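Colleague: Below are the chains, spelled out letter by letter.
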Amino acid sequence: MRIRFILTAVLAMVLLGLVAPLYAQETAPSVGSELIKWSIITGGFALAIAASVGAIAQGLGISAAAAAIARNPSAAGEIRGSLILGLVLIESLVIYVLLISLVLFFIQPFGG
Amino acid sequence: MEELHHELLIVHAVNDIFGPVVATLLSPLGYSFGPEETVIPDYLVMAALILVFVTSIGVLLRARLSVENPSKMQLVAEDLVTTLDNMLKEWVGPKGPRYLAIVGTMGVFILLGNLMGLVPGLMAPTSNINVTLGCALTVWVYYHIQGVREQGVGPYLKHFAVPPGAPSFIAPIMLPIEIISHLSRVLSLSLRLFGNVFGEELVIMILASIVPFLVPLPMMFLAIITGSLQAFIFVVLTMIYLGGAVATEHEQEQHDVVPVPA
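Protein chains in written order, with our numbering: chain A, 1 to 112; chain B, 113 to 374.
It is possible that part of the hints are untrue.
[Unchecked claim] Partner residues are not named here, just some residues of chain B that face chain A (Cβ under 10 Å, in silico):
| id | residue |
| --- | --- |
| 1 | F165 |
| 2 | S300 |
| 3 | L341 |
[As the list claims (entries may be wrong)] Some chain A residues near chain B, calculated using beta-carbon distances under 7 Å:
| id | residue |
| --- | --- |
| 4 | V88 |
| 5 | S92 |
| 6 | I95 |
| 7 | L98 |
| 8 | L99 |
Calculated directly from the structure, the hints in this document are not laboratory data. Note that the coordinates shown come from a computational prediction; the quantities given were computed from them, not determined experimentally. The beta carbon of each residue, even a glycine, is placed where N, CA and C say it ideally should be.
All chains should be modelled from the sequences, with the hints used to inform the complete structure.
Modeller: Set out below in structure tokens:
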């Protein structure tokens, strides 16, 4: 009985998903100039570089914090606080690049 | 960007009721609206919703405060206040708890604003740059005012040019650096919050447009975490800026000098 109910529910969800695509938006890639193309490529690469280097930096911070906590577990609370603060400050730099990429993708300041 | 927006029901209702009134109030100021135009933007409606929600909870809670038999809500609220109090003591100093009001207000508003985006039928007001810029500017103006009040105009301006313990000839170098770093705080506070919330919403939206069910769910869990984290970070940075502004020269010499992030 229960299995049948779950099966019916899953089937209904799949059907709904097939029938009603949420946010059906027409993707209209406007034929842009060369500059738009290159600005979009730049945006993608900028985000890739920012994310990878930011991830390395965050990993360095986390590994140092983990070593410090392992060495002195009683200081875990303070270390965790400054770790989170540092991680978010690193991440905010990546977020700036994300914003620049979003501007390049959607607002397209270089002609459009 | 426009195709990502859809008219929310509550925004429509509020505009139906209050739209004409606001339009007539704004018309002497030179604003004119078309008949089909949205007078009150959605983020303002959401911010007002937070205001109503928090105020009603506060009024309800206040009516039922008791020492012997505290309700669950009261315990949660007390926990929140105590945590903020301790954080203020840690980051600002022993005088910290007097700034509880603005820090707590900012924290509650931004936390609710971030998490609102996950509720169907609502949107996150903090995913609009105007709201986050408003929060950042409020904090920025407030900590300058508090710094002037605490130290006086002269000493406060002097601590821009000459950091405590430094010789006075470095003033021409320090002054531009300090001015730029203080101005960049507005930018970093507002853009960090905006980018996080907006990026999260965009990812959920894109995933939902590909597969409408279940696939956006992990991103929504992530949105809960980042939303709370961003509210926490905003509060902590507010405290750090306040601490840097209100610490007098005497106190700064006692503490180790902590680098203040932008």
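Colleague: Hint by hint, say whether it matches the structure.
Modeller: Checked hints:
Because the smallest distance between the Cβ of F165 (chain B) and any Cβ of chain A comes to about 26 Å, over 10 Å, the interface hint for this residue is violated. For S300 (chain B), the shortest C-beta to C-beta distance to chain A is roughly 6 Å, which falls under 10 Å, so the interface hint holds. Because the closest C-beta pair between L341 (chain B) and chain A is about 7 Å apart, less than 10 Å, the hint holds. Residue-level restraint check for V88 (chain A) holds (minimum Cβ-Cβ distance to chain B is 5 Å; threshold 7 Å).
Hint status for S92 (chain A): holds, given a least beta-carbon distance of 4 Å to chain B, under 7 Å. Restraint check, I95 (chain A) versus chain B: the minimum CB separation of about 4 Å is within 7 Å; hint holds. Given the 7 Å rule on beta carbons, the hint for L98 (chain A) holds: about 5 Å separates it from the nearest Cβ of chain B. Contact between L99 (chain A) and chain B, as hinted, is supported at the beta carbon level, the nearest pair being about 5 Å apart and thus within 7 Å.
Comparing the model with each numbered hint stated earlier shows that hint 1 is the single one that does not hold.
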